[in-house]
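Undergrad: Single-letter residue listing:
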Amino acid sequence: MPRKDTFEVARIRRHLAGHTGKEYWRSLDELAQTDEFQELLHREFPVGASEWSDEPTRRQFLTLMAASLALAGLNGCSGQPEEKIVPYVRQPEQIVPGKPLYFATALALAGDVLGVLVESHMGRPTKIEGNSKHPAVPESFWGGDELLRPGATDVFAQAAVLSLYDPDRSQTVMRRGQISSWDALLGELNARLQLPQAKQGAGLRILTESVLSPTLGNQLNALLESYPQAKWHQYEPVNRDNAHAGARLAFGEDANCLPHFDRADVILSLDCDFLSHGPGHLQHARQFIRRRQVRHADGHEAEMNRLYVVESTPTITGAIADHRLPLRASQIEAVARAVARRLGIEVAAPPADRLDGVSAKWLDALSDDLQNYRLERDPGSCLVLAGPSQPPIVHALAHAINERLGAVGTTITFTEPPEIQRVSQSESLADLLSDMRAGVVEMLVILGCNPVYWTPADFEFADALSKVPFCLHSGLYQDETAVVCDWHVPESHPLESWSDLRAFDGTVSIVQPMIAPLYSGISPHQVLAAMLGQPGRTAYEIVREYWQQQQTGGDFDDFWQQSLHDGVMAGTAFPTKQVSTDGLLDRVAEETQSVGDGRSQAELGNENGGESGGVEVVFQPDPTVFDGRYANNGWLQELPKPLTKLTWDNAALLSHQTAAQFGLSDGDIVEIELAERKMHIPVWRLVGHPDRCVTVHLGYGRTHAGRVGNGAGFNAYRIRTSRSPWFATGAKLRRTGNLYRLASTQHHALMDGRDLVRSGTLDEIRHHPDHPPLMKGGHAESAHQDSGHNDSEHKGAEHPSMFPAWEYKGYKWGMSIDLNACIGCNACVIACQAENNIPVVGKSQVLVGREMHWLRIDRYYAGDPKLIEPETYHQPVPCMHCENAPCELVCPVAATVHSDEGLNDMVYNRCVGTRYCSNNCPYKVRRFNFLDYADYNTPVLKLLNNPDVTVRSRGVMEKCSYCVQRISAGRIQAEKEDRQIRDGEVVTACQAVCPTQAIVFGDLNDAHSQVTAIKHQPLNYDLLAELNTRPRTSYLAALRNPKPNL
Amino acid sequence: MPQVFHPSMNTISRVSIFGAVFIAAGIGLVGYVLVRSPYMTEAGVVRTQPVPFSHKHHVADDGIDCRYCHTSVENSSFAGIPSTKICMNCHSQLWAESPMLQPVRDSFRTGEPLQWTRVHDLPDFVFFDHSIHVHKGIGCVTCHGQVDDMPLMWRENTLLMEWCLDCHRNPENNVQPRAQVFNMRWQPTADDENHALLDSAKLAEQYGVKSKMSCSVCHR
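As you go down the protein sequences, you meet chains A and B in turn. Each residue of the first sequence is one higher than the last, beginning at 1 in our numbering. Each residue of the second sequence is one higher than the last, beginning at 1 in our numbering.
Do not take every clue at face value.
Claimed, not checked - Ranges of calculated distance between the beta carbons of each label pair, as one might list FRET restraints: (1) A:33 with B:30: 54 to 62 Å; (2) A:81 with B:3: 27 to 35 Å; (3) B:45 with A:1008: 15 to 23 Å; (4) B:128 with A:90: 22 to 30 Å; (5) B:146 with A:181: 57 to 65 Å; (6) B:45 with A:558: 49 to 57 Å; (7) A:81 with B:91: 28 to 36 Å; (8) A:93 with B:128: 51 to 59 Å; (9) B:146 with A:516: 39 to 47 Å; (10) A:183 with B:146: 56 to 64 Å; (11) B:106 with A:93: 18 to 26 Å; (12) A:483 with B:38: 32 to 40 Å; (13) B:120 with A:147: 32 to 40 Å; (14) B:39 with A:184: 36 to 44 Å.
Stated by the list, open to error - Below, a list of computed lysine to aspartate or glutamate pairs in the EDC-like style, where the Cα atoms sit at most 16 Å apart: (15) B:85 with B:112; (16) A:1043 with A:368; (17) A:732 with A:671; (18) A:133 with A:146; (19) B:210 with A:900; (20) B:210 with A:975; (21) A:976 with B:74; (22) A:942 with B:124; (23) B:210 with A:978; (24) A:84 with B:121; (25) A:809 with A:932; (26) B:212 with A:900; (27) A:199 with A:225; (28) A:976 with A:145; (29) A:199 with A:442; (30) A:732 with A:676; (31) A:678 with A:435; (32) A:577 with A:254; (33) B:85 with B:106; (34) A:976 with B:121; (35) B:212 with B:129; (36) A:84 with B:112; (37) A:99 with B:129; (38) A:942 with A:932; (39) A:924 with A:900; (40) A:99 with B:74.
Just so you know, these hints were derived from the structure itself, not from any lab. All C-beta atoms in this analysis are idealised placements derived from N, C-alpha and C, irrespective of residue type, glycine included.
Could you put the whole structure together from the sequences, leaning on the hints where they help?
TA: So, in structure tokens, the structure goes:
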């Protein structure tokens, strides 16, 4: 790979100096207008994308052509292949062939529980929507059947169906690498259990992830009763130990925090990425964005909450912040203390060097806002949150500030913890390890986790495991742990087994199977039942019996049916817990004083790990594969990460200054040495990253993930130790001189034009509510041109067209995307992929720009030549369904044409693959099947496909269809009932999944539809309106609410 | 130097140059005819089935309504092929010993479904919905032909796109009263109430039948 050093600060500064007003850019290449960037901008695809890389000789060419011609001839001579129809012998009552059914269940995803509705076609789950009855799920805009009201979900929930069908999942019981059987395991298990029984289970240990299932908890407790000396340990690499310890520090007891963003006027996040993950994150996103939507159209005065973010790794939460302060993770405690002191809490002063890079003005402004920025003059409507990677003291400081400002009880409330047993997971694991090393453990049962891969490097779990005479692993994959355990049991997927799950507020959902286990999976309930001497019991019996015992009064069958139907058990949410705040401030103050020089224990611990003067390493869960559990999911692997736009890999993220200091450029492999542990990883320079600090995402470098995940990325667990699981100082960075190709989609599908992103401040709107200057003039015309036929003359005046305007008599579909509400979470991209059978292409294809996502999210930075505190904007770009579509004019076979409802239809069976349309699309939203990307060979993956959407083959162009299959279904339903389609009855997949309702779809001919109303707002604008394509999809400009003069 | 070509080659070459046009046209014509022939479209070709089921007998002789077996035709895109249980509703009593029905009884006993050969097979990129056609008053007979006259089942029409479009361009020619959709022998008759002739065009207006010609109506 040719090495290109494109970072030229001087050139960029020069470029920026020549501009007034805001400048938006996607990367420094763009800002510097490098030759490479120009090349990408003007080409339809990157160089090499449209060429066949094998060089065929003339002879090969003739051979291929001869074969093709012969086959082409033959192809025409055969009729259709014969097809069979296989009806039921006895048809189940509710199944109507051709109509999907929806079942409510719940998924535990990365420590969070989401209630979901699963769309099932003839018994095969194909698509997941949120269940709006569930407390963690905000409801979608919906005008259809009330019983089906869908809700938002996140990328992990959307991708769960792909994991269900994953052909790489473990399929049989294994004994030391040999295929065995469940019965054989039961035999050995019984024999082994006799020994611990005699000793009261002295050598028996069970290791699980955080257990959120009441039934599983009950079984574990029953097991501990039968074997009193046995122990149950819990560990997950991305745990909330710090938050729990912080709450105990502050309140002296376990408390589960529930932030209420709907009541918060000003929010301070201390390294807390509350929009990406964590319990209840979708509700948080919804509530947070609700308070940022300016509703002056209906007479309200423009109001917005204000978000301050202090963070190390740039996240989507930081991207939407009104004020973002990038700092090294170890500095954040100092900021918390400084703020606390300004608010009159007697904490120890932070050491001055820790506040390096933090201006007093910034802190003063923040403190002032925390006390005084109020929209409705409520006391206590501020909210301070600490991230799970920050030490307990930061959490305690956050609680103290909340208490000081009267927020406890208003914007933050507390409940009992939803975990069955809340333990410090790092201590729990350490206990287990010391027992294993001491040879005390005779029998270790690992349920559904992968400790060999993800436990801290200093624990050397695999080594300790070899001292255990009998270990049993139950998991979805034959992963790193499974291959070193004596026994491995294939676990059933959550979509194919019975269980139950408790959400963050205590609400319980029954998990019900959508399909019989595909790969003879066995549920953890069955494994525990076998250990309890009840090997024949099914998970259904176990779960049902547990709830039958819990039920007091009333008919159990009714209760059970209702709970299954609703997806939530009525009345199981925890009541609000009154926490004791007496002496909270003193306790926290004392805690900060107790460590002599003003540094907390956690910081000292970190520093002991390495030398001073090195860089700081931050460990974060990956935005797409999380802690590694989703590594074999192709949808998540290929999903461009929200800010870096990297696919298929993780990278060492660092700032441009730090990279320059070490002489590094994108793709340079560095060696990171931390406390004598080393890893190699390529570098990716990320705008907004703090200096002298490097972020590595967890979850990559798997060796036994499956065909998709093996070998992708670099394993950061190799340098992550138990002493500093989240950030460690004193790491050494060394350039190895080797290069690595990272597949980033940052420069794919570049658009060239004016004002692609528009943004402004709340003040601009206040002063010019109808014609805000950020719209740069011309906005109102373009805003109104699509939304009603009465201003067609006006439209003509604005942009003359050779063609007479078409009158849409029936429906006229349109979409609006609110850049102010978009948080860049990527859920829409995966939802679109799941709904529309979009294939995964692989890293080598992404490198040449052939990714197939119909909907991409462009990420823009704005302003700031210092390149460290830029504003960040996300812009989802689906097909615009232009009125004057440039693609339609150039198609020689009329494979892309306009429908009478205004859709830009793509007809796959007509397409001959000239790609003229894609070449002519200024938005670059068309995707071409360069190869046969759809998997026709793996039988199990055929079950995954949405039967309402064609599976495209090689040589066919495709693009966003506005989910035309959903429009058709809605139209047919409405016509059968002799009525019009109601507003909100047809929701696109991206709209349904969006946690913040940024995407609105509907009929522009309906004067009362939501989308029509939005298109009349003054912030509405069209992308590349100057080309007179008259797009159907329009955007609302983004707003920020910065503090004046800061 | 001897002549390479016989003098008759002059005539042959003249004829073939002149005839090239006709030859090309002929090939085109053969193709055109072939594509529309029953060989390609399978129209009119009887398909073998595990049980020689006679629609003629069940519909014309016994007067069984279409919906007794094709249960989801009014609700779903797929009309529904009867489960073995539906056959056995009657055939546990009638012709209970008939050797022709042995596969049905076997299926019912063993739980192994019958495997019927699909007669009306649209390409996979076409999304047809029975329920909306029924609701708009398109009779079964319009596409499936006189099923009550078919001892064994065949495809009455070509199912080519041009055939679909013939009707989609002018749907008003093929609308029946909703109550008569399953009637195989419906003819326009006088309405009971106002004695006007109930013709397709009037019904089309009444049912809101519109010409649907956009590609995405059928191709998604």
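Undergrad: For this structure, which hints from the list above don't hold up?
TA: Structure breaks hints 2, 3, 8, 12, 14, 25, 31, 34 and 39.
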